[in-house]
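Visitor: The opening position of the sequence shown corresponds to residue 1 in the UniProt record's numbering, with each subsequent residue numbered one higher.
Honestly, the hints are just simulated from the structure, not real lab data. We put the beta carbon where it would ideally sit given N, CA and C, even for glycine. Honestly, I wouldn't trust all of these hints.
Ranges between beta-carbon positions, derived for each pair [said to hold, decoys possible]:
hint, residue 1, residue 2, range
1, L116, L250, 29 to 35 Å
2, M1, G115, 22 to 28 Å
3, V195, V255, 31 to 37 Å
4, L250, L188, 31 to 37 Å
5, L7, P117, 28 to 34 Å
6, A108, R26, 37 to 43 Å
7, L7, T254, 18 to 24 Å
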Amino acid sequence: MGETLALMSALYFGATHFLNGLLARRVDSAAVALIGQMGGTALVLAVAPFVAAPHIGAGALGWGALSGVGTGLGVAFLYRGMSGGRFSVVVPLSDVAAVALPVLVGVALLGDRPGLPAWCGIAVAPPALWLISRSGRADTHGETATASGAGDGFLAGVGFALQFVALSQADPAAGLWPLVASRAASVLALLPLAVHRPGRLRMPRGPAWGCLGAGALGTVAITLYTLATREQLLSLAVVLTALYPAIPVLLGVTVLRERLTRAQALGLVCAGAAVALLSLA
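Build the full structure now, drawing on both the sequences and the hints.
Guide: Here you go:
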């Protein structure tokens, strides 16, 4: 059951990020992130009272809020990267970081002891990041340039890693209230971007509704992930959920006609191998 929930989470995450990536190319990416999180907050707040929650402790809400900070940072960097970079580069970069970092945190702080395949996956991740981030075009100094959005993709992965690790520590007895705290904290984390430039939130009604809908999909995705962690090992739930880039990458290549260099294609293969190996953590 846990595997199914995690894979369904990956499907919803993939759809969410592809839709928001398209919207970020039409309107301000920070506005896309903020309005999406507001839509997600409204949805989970409406559903949470109907889910059993025998014990809502401060610790569970605190872990939820911390995960929301990671969510806010993750979507802010991801959609900024996708607004000007290739989906097939930015999203896999965020994914590798989001998978590898929780494994390292588990080893260093939570007492996890990955096997040899998982360590091989950790070793494969850095070269995958480097290969995907290369654009294949020489700059004025004759050096290979960094692919557009690659830095944002990696920073997004750091935010998502925090989201995954913190949310997995929340007490299941709190029901969905840690997710309420998470979504509320993500909105607060994104607000400074809007306050700094209020005009960012102005957009046509169509894109605004699209942001709200995509945010709701994202909340369904993180809810499914949370339920998966209660049925399955954290490392396996994270890795299965982290298969979500397959959707925006495939749609980016087929629908948006994005083209990859050989180095980037090799990097994507390495990233896939890293994710598969980390699943044995």
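Visitor: Now tell me if each hint is right for this structure.
Guide: Structure-based check of all given hints:
1. L116 x L250: 29 to 35 Å: holds, 31 Å
2. M1 x G115: 22 to 28 Å: holds, 24 Å
3. V195 x V255: 31 to 37 Å: Check passed, 35 Å falls within 31 to 37 Å.
4. L250 x L188: 31 to 37 Å: With a Cβ separation near 34 Å, L250 and L188 satisfy 31 to 37 Å, so the hint holds.
5. L7 x P117: 28 to 34 Å: For P117 against L7, whose Cβ atoms are near 20 Å apart, the range 28 to 34 Å is violated.
6. A108 x R26: 37 to 43 Å: Distance hint for A108, R26 holds at roughly 41 Å.
7. L7 x T254: 18 to 24 Å: holds, 21 Å
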